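2 protein chains.
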Amino acid sequence: MFACPIPAPDPHRIRLAHGGGGELTGRLIEEIFLPAFGTGSHPLHDSSVVSLPQGNIAVTTDSFVIHPLEFSGGDIGSLAVHGTVNDLAMSGARPLYLTAGFILEEGLDTAILSRIARSMGQAARQAGITIIAGDTKVVEKGKGDGIYINTSGIGIIEHSQTIAPTAIREGDTILVSGDIGRHGITIMSARAGIDLQTDLQSDSSNLWPSVETLLQNGIAIHCLRDITRGGLSMTLNELAETSGTTILLDETSIPVCDAVRSACDLLGLDILQTACEGRYIAIVPEKQAQQTLLALQRHNPAAAKIGTVIPLGTAPLLIDGLLGVRRILSKPYGEQLPRIC
Amino acid sequence: MFACPIPAPDPHRIRLAHGGGGELTGRLIEEIFLPAFGTGSHPLHDSSVVSLPQGNIAVTTDSFVIHPLEFSGGDIGSLAVHGTVNDLAMSGARPLYLTAGFILEEGLDTAILSRIARSMGQAARQAGITIIAGDTKVVEKGKGDGIYINTSGIGIIEHSQTIAPTAIREGDTILVSGDIGRHGITIMSARAGIDLQTDLQSDSSNLWPSVETLLQNGIAIHCLRDITRGGLSMTLNELAETSGTTILLDETSIPVCDAVRSACDLLGLDILQTACEGRYIAIVPEKQAQQTLLALQRHNPAAAKIGTVIPLGTAPLLIDGLLGVRRILSKPYGEQLPRIC
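Taken in sequence, the protein lines are chains A and B.
Counting with my numbering, you get residues 14 to 354 for the letters of the first sequence.
Counting with my numbering, you get residues 14 to 354 for the letters of the second sequence.
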């Protein structure tokens, strides 16, 4: 008699069959996703039925392909929650529901998937958002990179303000909710294998509590935008272009922590193009600027007024530099480094 | 003087910078996605604000990693619309809004992306659904496989029925909306490079019009479920398990076209585990079975009554075979072939 040895599959690695919609997919859901996402989540099904209060809703989607999967201050799981929650918050919407779509690479260590799912569940609970639908696909080794996550979000708009680039007016004040660049520098230094000898962490976080404070304080918010890919340069160029104005920044007032500033010098990076994942721009009427600043500083003491909206000038985005010279800040062409989120 | 020749990037290939959120991302949106998705779409932004009528909504998410990207009867773009629309329809929800998240592989031919985006736009218009938010990421060559798409959907529930596995009752009739297995066999033969010498096409299609007819005809629908990964075996095993009943199938009544039957014989595949992307199971009270059948046949003449819900027996899913022998149909462990959707 012959024994035909088929090696047993490693039970701690993701296999293609985990994405087949069969029994193995079910086990992944029951053993990893359900315990991680906790009570109130319904990730057993593609689809969920929920009720919403009447009113406008904000809907958003974002895919996350960040490398490395885990980094100082977060991982792809918490980032996928914060990123989508923040897109909702930027419409002034209270985040309510999240969907989670996973594309896993064959051979992925299930311990990593567990850690990331738990981190995702924790971030969702902290943000008061429920994961109501999920999906898992597996692709062959070499057709993915560990884990990609798509999150789509639904939020409810409880105010009657128009918060949009079209509401931006000349004379408005530009504020930033905290110091910039921590996320970008954290990822870049992890990727480059550089130990910056600091305790620098990603700024990835939920921005809704800060936005809620502005709304509760009766600020007539004209526009909100989180600073992500392309950094401050990209964010403000887009806002100025869409609103048909020019934004004038004061470089000395832009908050940057020492570790980030040193790292930018060392790595030859432009801090104004460096990504954040937990900072946003608020554009408000000048007369409420001080009140807005105080509200922002309750959530982050580094929040600052950094510029003004002026009539359309030579370019959408201008900056008065450290030595008093005014220059144009153009839109980044691509990105300093791919896969930052 | 030296010339330092840097080869110009191929303008017809996706580059990492296309995912950077900068100017190149903007061009991708303006030159490819906006024209493809058409008027009424808002894929310029991560986030959109929409109003919904009061009531319950269905929310769903699905990622699509199908290989090959284009196949007879569809492509990953139309499939990503139909798949998510169908998940909504299975809750009895009228599909309204869709989000689209793309993960592109560096080096992808932009002509392929254009074709797939146009196909997606066309499928969305035909389904009466609006694409309201989008996102694009690019990963390095060898970290993806051309195009992965996540679609999340929102639909509105306009009826007051409970359409769910918990509503399944002993004595109910099981119907299928058309002949099974066309999608699975189309993809498998394309993947294996087998020319089946038939005009077999994927069954990928929008199931909402058929479900709407059932609702308009006053059918007291107990449960709906589209037949996807794992085929009829998977779908019915899950429904029987969740409802605590046994489902008894009559094998001779299950509609299968000749081309699919021959291909299953040739390839050694179990037709009962073969995927569809445009067929569903309807479970209704026996007294409305004939009326349901006629309604289903208005959309597909191959629709058929295929079984009955009986008290929980030896297994969740039983089948009376062609020769009269009753056997157990167990849940597929993984899948016949990965990346079928």
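Bear in mind the hints are in silico, worked out from the structure with no lab data behind them.
Keep in mind that this is a model prediction, so the values were computed, not measured.
Be aware that a few hints might be false.
[Stated by the list, open to error] Derived DSS-like pairs: lysine-lysine, alpha-carbon spacing no greater than 30 Å straight-line: (1) A/Lys344 with B/Lys156; (2) A/Lys156 with B/Lys318; (3) B/Lys344 with A/Lys154; (4) A/Lys154 with B/Lys156.
[Said to hold, decoys possible] Here's a subset of chain A near chain B, in silico, CB distances under 7 Å, partners left out: (5) Gly33; (6) Glu36; (7) Ser64; (8) Gln67; (9) Asn69; (10) Thr74; (11) Asp75; (12) Gln135; (13) Lys154; (14) Lys156; (15) Ser165; (16) Met247.
Virtual Cβ for every residue (Gly too), placed ideally from N, Cα, C.
Evaluation of the provided hints:
1. Between the alpha carbons of A/Lys344 and B/Lys156 the distance comes to roughly 28 Å, so the proposed pair stays at or under 30 Å and holds.
2. Simply put, A/Lys156 and B/Lys318 have alpha-carbon atoms about 41 Å apart, too far for the 30 Å limit, and the pair is violated.
3. For the hint linking B/Lys344 to A/Lys154, the alpha-carbon distance of about 26 Å falls within 30 Å, and the restraint holds.
4. For the proposed pair A/Lys154 and B/Lys156, the alpha carbon gap of about 9 Å is at most 30 Å, so the pair holds.
5. A least Cβ separation of about 3 Å between A/Gly33 and chain B falls short of the 7 Å threshold, and the interface hint therefore holds.
6. Evaluation of the A/Glu36 hint against chain B yields a held restraint, the C-beta minimum of about 5 Å falling below 7 Å.
7. Restraint check, A/Ser64 versus chain B: the minimum CB separation of about 5 Å is within 7 Å; hint holds.
8. Below 7 Å, beta-carbon pairs count as interface contacts, and A/Gln67 has one with chain B at about 4 Å; its hint therefore holds.
9. Interface hint status for A/Asn69: upheld, as the beta-carbon distance to the closest one in chain B is roughly 5 Å, under 7 Å.
10. Because the closest C-beta pair between A/Thr74 and chain B is about 4 Å apart, less than 7 Å, the hint holds.
11. For the restraint placing A/Asp75 at the interface with chain B, the shortest Cβ-Cβ distance is roughly 5 Å, inside the 7 Å limit, so the hint holds.
12. Using the Cβ-Cβ criterion of 7 Å, the hint placing A/Gln135 at the interface with chain B is not satisfied: the shortest such distance is roughly 20 Å.
13. Given hint, A/Lys154 at the interface with chain B, is violated; its Cβ is 11 Å from that chain's nearest Cβ, farther than 7 Å.
14. For A/Lys156, the interface hint holds, since its Cβ comes within 7 Å of a Cβ in chain B; the closest pair sits about 4 Å apart.
15. At a threshold of 7 Å, the smallest CB-CB gap from A/Ser165 to chain B is about 4 Å, leaving the interface hint in force.
16. Proximity of A/Met247 to chain B holds as hinted, the smallest CB-CB distance being about 6 Å (cut-off 7 Å).
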